[in-house]
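Undergrad: Sequence:
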Amino acid sequence: LKAVCFFEGSVGGLRVGAPVVFNGVRIGEVADVVLRYETTNLTATILVYIQIDPQRMKTVGPSTRSFEENLKLLIDHGLRARLELESIVTGKLQVSLGLYPDRPVRLVGSDQKYPEIPTIPSTVQEFTKKIEELPLEEIAKNIAAAAEGINRIVNSPEMTKTIQSVSLAAEEAKGLIENLNNQIQPLSSDVH
Numbered sequence: 001l002k003a004v005c006f007f008e009g010s011v012g013g014l015r016v017g018a019p020v021v022f023n024g025v026r027i028g029e030v031a032d033v034v035l036r037y038e039t040t041n042l043t044a045t046i047l048v049y050i051q052i053d054p055q056r057m058k059t060v061g062p063s064t065r066s067f068e069e070n071l072k073l074l075i076d077h078g079l080r081a082r083l084e085l086e087s088i089v090t091g092k093l094q095v096s097l098g099l100y101p102d103r104p105v106r107l108v109g110s111d112q113k114y115p116e117i118p119t120i121p122s123t124v125q126e127f128t129k130k131i132e133e134l135p136l137e138e139i140a141k142n143i144a145a146a147a148e149g150i151n152r153i154v155n156s157p158e159m160t161k162t163i164q165s166v167s168l169a170a171e172e173a174k175g176l177i178e179n180l181n182n183q184i185q186p187l188s189s190d191v192h
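Here the sequence shown stands for residues 1 to 192, where the numbers follow our numbering.
FYI, nobody ran anything at the bench for these hints, they're computed from the structure. There's no promise every hint is true.
[As the list claims (entries may be wrong)] Here are the simulated BS3-like pairs of lysine-lysine, each with C-alpha atoms no more than 25 Å apart in a straight line:
#1 K92 <-> K2
#2 K141 <-> K161
#3 K174 <-> K161
#4 K141 <-> K58
#5 K2 <-> K113
#6 K113 <-> K72
#7 K141 <-> K72
It should be emphasised that the depicted structure is a prediction, and the values quoted were computed from it without experimental measurement.
Construct the complete structure from the given sequences, taking the supplied hints into account.
TA: Shown next as structure tokens:
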């Protein structure tokens with residue numbers, strides 16, 4: 001059973017024979033990876049053809065529908081494909097299928113020979129996009145302003161005077177406590 005997925009961005013690390021998994025269970029493999037270049041609008045699309053092995057799945061209940069009909073029902077219930085790391089060490093990718101009903105269906109529809117499974121960005125792509133959306137320049141300016149403010153306070157003449165005052169107050173308190181101890185000791189020996 002063959003299907004096609006259109007992935008945006010790089011598919012570096014994806015190879016023919018890479019696993020196709022559904023919620024972590026291997027159900028097939030990548031059959032082919034093709035770059036399609038459109039001369040009319042000068043765009044490139046990456047087509048990933050996958051083969052699903054029906055022997056790796058067990059169907060329960062009556063099923064008179066074709067693969068395409070079942071696939072359409074699954075897509076209506078949220079079936080989406082995404083690229084995930086197969087191995088962190090090697091950087092190899094796999095195609096991961098799962099149910100994401102909250103994600104909209106995005107179909108390219110340029111290959112009519114095989115049914116299309118909609119794709120969603122990988123977790124790495126989503127993380128990268130969030131990092132790109134951060135106002136890094138503004139954050140850096142705020143950190144620099146905060147550091148400058150702390151530096152002004154720490155090195156201000158007022159802070160130096162405050163530290164000296166606290167130091168003098170501590171010395172005076174120490175002297176006062178020693179004086180009290182000297183006066184209390186004779187009193188405590190008189191009580192016994």
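Undergrad: Check the hint pairing K141 with K72 against an upper bound of 25 Å on the C-alpha distance.
TA: violated (50 Å)
Undergrad: Mind checking the alpha carbons of K2 and K113 for me, to see if they're no more than 25 Å apart?
TA: Holds, at about 9 Å.
Undergrad: Quickly compare the C-alpha distance for K113 and K72 to 25 Å and report which way the hint goes.
TA: Given that 25 Å is the threshold and the Cα spacing comes to 15 Å, the pair holds.
Undergrad: Are the Cα positions of K141 and K161 separated by 25 Å at most?
TA: This hinted pair is violated, its Cα atoms lying about 30 Å apart.
Undergrad: Compare the distance between the alpha carbons of K174 and K161 with 25 Å, and conclude whether the hinted pair is satisfied.
TA: holds (20 Å)
Undergrad: If you draw a straight line from the CA of K92 to the CA of K2, is it 25 Å or shorter?
TA: Since the Cα atoms of K92 and K2 sit roughly 22 Å apart, the hinted pair holds (cutoff 25 Å).
Undergrad: Hey, K141 versus K58, does the alpha-carbon distance stay inside 25 Å?
TA: Given that 25 Å is the threshold and the Cα spacing comes to 58 Å, the pair is violated.
In summary, the numbered hints that this structure violates are 2, 4 and 7.
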